[in-house]
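Trainee: Let the hints inform the model, and build the full structure from the sequences given.
Protein chains in written order, with numbering that gives the first Met the number 0: chain A, 0 to 386; chain B, 0 to 386.
Fair warning: there could be bad hints in the mix.
From the structure, some residues in chain B lie toward chain A, with a derived Cβ separation under 10 Å [stated by the list, open to error]:
{"no.": "1", "residue": "R66"}
{"no.": "2", "residue": "E87"}
{"no.": "3", "residue": "N156"}
{"no.": "4", "residue": "R297"}
{"no.": "5", "residue": "A381"}
With a straight-line Cα cutoff of 27 Å, these simulated DSS-like cross-link-like pairs (lysine-lysine) come out [stated by the list, open to error]:
{"no.": "6", "chain 1": "B", "residue 1": "K323", "chain 2": "A", "residue 2": "K108"}
{"no.": "7", "chain 1": "B", "residue 1": "K276", "chain 2": "A", "residue 2": "K276"}
{"no.": "8", "chain 1": "A", "residue 1": "K226", "chain 2": "A", "residue 2": "K276"}
Please keep in mind that the hints were generated in silico from the structure rather than gathered at the bench. Quick reminder that beta carbons are idealized off the backbone N, C-alpha and C, glycines included.
Given next are the chains, with one letter for each unit.
2 protein chains.
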Amino acid sequence: MKRLAALVLFLFLSACAGLEPRGTGDLGIIIERATGSVLVVDTTKRAILGRIEGLGDLSHASMVFSRDQRYAYIFGRDGGLSKVDLLERRIAARIVQAGNSIGGAIGPKGDWVAAANYEPGGVKFFDAASLAQLAEIPALVDGKASKVIGIAEAPGNRLVFSLYDAGEIWLADMTDVKTPWVRKFKQAGQLPYDGLITYDGRHYLAGLFGEDGLALLDLWNLEAGTKKIMPGYGKGQEPLPVYKMPHLRGWSQAGDEMFLPAIGRHEVLVVDRRGWKEAARIPVAGQPVFVIARPDGRQVWVNFALPNNGLIQVIDVPTRQIVKTLKPGKAILHLEFASKGTEVWVSARDDDQVIALDTETFAELARIPAQKPSGIFFTSRAHRLGL
Amino acid sequence: MKRLAALVLFLFLSACAGLEPRGTGDLGIIIERATGSVLVVDTTKRAILGRIEGLGDLSHASMVFSRDQRYAYIFGRDGGLSKVDLLERRIAARIVQAGNSIGGAIGPKGDWVAAANYEPGGVKFFDAASLAQLAEIPALVDGKASKVIGIAEAPGNRLVFSLYDAGEIWLADMTDVKTPWVRKFKQAGQLPYDGLITYDGRHYLAGLFGEDGLALLDLWNLEAGTKKIMPGYGKGQEPLPVYKMPHLRGWSQAGDEMFLPAIGRHEVLVVDRRGWKEAARIPVAGQPVFVIARPDGRQVWVNFALPNNGLIQVIDVPTRQIVKTLKPGKAILHLEFASKGTEVWVSARDDDQVIALDTETFAELARIPAQKPSGIFFTSRAHRLGL
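Mentor: Below, the structure written as structure tokens:
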């Protein structure tokens, strides 16, 4: 009897230990691209809480967080969509929803998630609780399916995305998620390869691979349609070979200026948001991949494509000068800032480490072991439009 | 023995039930000003999770959240500083640190909290874990203690605040919290009565009660010192009696424009942030108290002092027109937006209710009973500078 009581006690202690209450505002996910796994991390203690495996092909994974910051929805390259529980460190639900997927979004109310698909193209919508499919928008133009990229949620329960093959930008009103209402902006630009929405949710920008420039949609003035900005920003110059397409989610906003990676060029472009004209070009150490502003906009951090992918450069925004060049590790794939900008975590894939750096002193704060780490995502994203 | 085992089982089941895991990203606090209590709410279900009592005088309470979004630090008017646990719904620590306090801040790294005091004046710093006092900055100017108001954390582990009596703005570098390094900006303006930091943490603004205008400090250019902006915005007009001082934390930023309450006047002032000049005045239904932009900056919501404190007006930002006047309840004291702006919660003190409204349709979504509710605070604030 005593043994039984002890066993009961042990079992309940164990159960309770697993359920120890904790906040979810300081959690993060590190994608381990080669092993189809993620690490759940505590960003305050800079410590690993656990690993979740079985997530499929994460070679180009992205993710969004639930509004309670308990769950992450991970979009795998293989079309897998996994809902993982950061508190219990397990897969809460998982489906394979397409053949090839490039990213996703979550509705501003948190009730649906959307996946942007390369194959078979289009956008699918899922219930955020169960992952049951709710709706689909096939990206058909003249009978041809288009790859969908640059998906972002917008104020007013809307979703905006680009059609790579068709060169269009579509805006979906998801007030009734089961019957999306779609407005199409044709001839937005040739081969949009990624897109972003500005922090305030007003402007959507798509980068164009098929022509020199960007496509802009002002969500406060839809009647004006899309327009081209920065036409010919590389015009008259010999294009460089592109070693890695820059990521536009990595575009940055600092005050009135946007900082963005020039495709193929060793330059960061500065665009004045007031007139959407080029304000400056900042020479950098390689082809920029992510160009990310510290949350206060005072610094912009840049990583690079091969062969300069071991470097990070830090731009001081008011002077537009590079104030620091760092070499924290091999194959720096991604950067993520703490929500108030005090530190940044960078993934060094070929060192199997994530490195935390102080953004004021540039001192190294911690090294966290991870298997071929790529994307780093902190739960504070849950409260930011377009992330 | 069986009874004992049953008791053990019961106790552990109870403990476990209380510890059911949940995210903290969608929690909120409603201040019940008359009873010294707060409600912990689930903003997704729009439901009360529990009440925490024994928090002293909350008649002008404000609060900040820990970066893990598990704890709230509540600054009571009586100098009480309470750390409450949103998950376990209890007081985790409580001190009375001054005779009269007006607000506080939390360090960007989350390691300290600061209280701004009227009586005896100055700022005190406390360990965020234990509430042990770490440091104090007495606000002494020419031997006289000054009330401290408008306290806000700034990038680079700094804190900025205003001295009401002395008319100064001080910037404290808290890199070593035990030995703050203070830079003083003298003659900033007469009787600063509240202050705020812009969303990007670059500009600090203090409202002045002793003169017509505002004081501005550019944290990117400290050498320039403070300057006066909007001088004489009420000049040449008969001042109206002021029924309630507007709250500057309620100042709003929408794109390049700041929307702020004119003291005593039935107007919202629009300031162009590029040159800090007046861009427009929008006539409203009373003396504005809080003027708060929806997170995407498309709308600005306004509540009012007596006798118009049952009204809310909604300004459409691009047209600067009032698009809606609402009368949701009696004595509307505060408004808080969901982090992506889909809904807003408003406290109707004299109806003992908090009302959730859809910001697109203005439909009422829920009424939540609360005892004389005033401030409403959602945990998403944890990741915003100056909130």
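Trainee: Let me make sure I understand: some of the numbered hints might not hold for this structure. Which ones are they, in numerical order?
Mentor: none
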